[in-house]
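Those sequence lines, one after another, are chains L and R. The opening position of the first sequence corresponds to residue 66 in the numbering used here, with each subsequent residue numbered one higher. The opening position of the second sequence corresponds to residue 66 in the numbering used here, with each subsequent residue numbered one higher.
If you are wondering where the hints come from, they were derived from the structure by calculation, not from laboratory data. All values derive from a computational prediction rather than experimental measurement. For every residue, glycine included, the Cβ atom is placed at its ideal position computed from N, Cα and C. Among these hints, one or two may not hold up.
[Said to hold, decoys possible] Label pairs and their computed distance ranges (CB to CB):
#1 L:Phe260 - R:Gly319: 45 to 53 Å
#2 L:Gln292 - R:Gly103: 23 to 31 Å
#3 R:Glu145 - L:Ser302: 57 to 65 Å
#4 R:Gly263 - L:Gln125: 48 to 56 Å
#5 R:Asp119 - L:Thr281: 40 to 48 Å
#6 R:Phe270 - L:Gly266: 52 to 60 Å
#7 R:Asp143 - L:Gly261: 35 to 43 Å
#8 L:Lys272 - R:Ser288: 45 to 53 Å
#9 R:Gln208 - L:Gly263: 39 to 47 Å
#10 R:Leu106 - L:Ser302: 56 to 64 Å
2 protein chains.
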Amino acid sequence: MTIEEFEHLSSSSKIPDYFLGVDGGGTSCRAAVSDRSGAILGRAQAGAANITTDPDGALQTILQVCRQALEHAGLAQDLELYPAYLGLAGSMTGQAGERLKPLLPFSFSEVRSDGVIALEGALGPRDGMIAILGTGSLFMARQGSELTSLGGRGFLLGDHGGGARLGRALLEECLLACDGLRPFTPLLEKTLAGFGNGLSGVISFAKSSPPSAFATYAADLFSSAGQGDEAAIQILSEAAHLINLSLDKIRFDGCDALCLLGGLSRSYDSWIAPHHRSLLKEPQGDGLSGAISLAIRTFG
Amino acid sequence: MTIEEFEHLSSSSKIPDYFLGVDGGGTSCRAAVSDRSGAILGRAQAGAANITTDPDGALQTILQVCRQALEHAGLAQDLELYPAYLGLAGSMTGQAGERLKPLLPFSFSEVRSDGVIALEGALGPRDGMIAILGTGSLFMARQGSELTSLGGRGFLLGDHGGGARLGRALLEECLLACDGLRPFTPLLEKTLAGFGNGLSGVISFAKSSPPSAFATYAADLFSSAGQGDEAAIQILSEAAHLINLSLDKIRFDGCDALCLLGGLSRSYDSWIAPHHRSLLKEPQGDGLSGAISLAIRTFG
């Protein structure tokens, strides 16, 4: 099909033939293009697209990755021909998403959080809840047209269930143990030993590291807790308490599905309270498939 | 006295006639020069001297403020004529103090933490403990020649009793209350109302503010706790618990003096456990007077 044929078809039917979906996060930005049935015709991936910290760079990355997905599908790369549904990290807080929307060249566009597309991807059309437990933590529920979101808010003040906060809590306990205000446990000793110059190494690391670096300690915490390490159990109990409180808060009557997403989803499995754990389902798809599905539902 | 006379006197007696003391902190750097009796002959003050974050700038500030103090005293400004005792913020952690020492032009120099000179200033020659409760928190004890230090470690992982951590805990509780995971209290409502655009205002503030900005919430916390605000009482109870644990840890048999120093010393007074509160004494002097006193004791 030539561009002329495509344009004719598009304008005559008023229903687009192709749909773009974008999953833009702090570490990578992915795009896909599908037909009306949802079949993926092309995909592409690029680096980070953080519209809060780097709006100009994020815009360029989004446009580039969409053009690449179209190229991969063998379709015309004129972005104004296609509707796009974007799920972007950071678009829940502040007005970054609102500022971005008028700058987008797509025929139609919708900008929502990465949580929204993750929920659609995980649950498909059904109602239910998701908990995204990765570097940060975010909770969402959908009941019919009603969407509830809770948590997130970043490393310093929020994201209590995320790996970065877990790692920070672990390093904080290490320092308190050095001061004799907490008993040393095997995990605290092991963690401290990992810093060549001990205490001052921990402080230097904390000053210079992004949240994702703190999150690398999460795996140690879960395995140590499994071996009865009291510091690990204490830190994870507090995080799990807030996770379960958050699920209590967003859960609606009749909710029968909960998907755990993100890098810590398997690790947290056994820490989820029984009344929520009984709802656990495997996610149907990822955020990018959710973006495509929402693009078709919104613009199709 | 001319410089020639001074130099002759210094070299013949081997005991310096004049002593420099420096109190270098994250917000200001002060110097004083005294005679052998400790009488202050000249003083000067300049901006921050943080040897950890800005070693070159800190060195220049220290030398400049010493020259100004000598000028104020009407003494020759050749720094190599005088011994100096420096108490510098940040010199406890890392090797910043060790790196600085060979760069100093003084006839003799000693570089210690600001805590060391604060202790000497507060207690004079007697043994005892100090708690520095300002933006951060630090605890020290001296028994004879033995000096014990505990706490500090900075905003992200330490300084649990300091105003910056108190403010951060308050903002964190505000976000949890917004998510319905904590009950709103009058203080949480008031704090949130202070941010024009609510929740996203809190997050923006947290991302862009230094610890000292977080510390501005400490006063509200203490006054609200006095009015029975449960969030304030909870936050201060946890901080006070670690303060009292820290004092338990550094306290030695026969200790009969405790000085509370820093901007929050009056506010925390009633939160100190009775067995420590019974030791409370008014500080004799400040960190700069402590630096002078240590200069005379060390080099005199």
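Enumerate the violated hints, using their earlier numbering and listing them in ascending order. 1, 2, 4, 5, 6, 8 and 9
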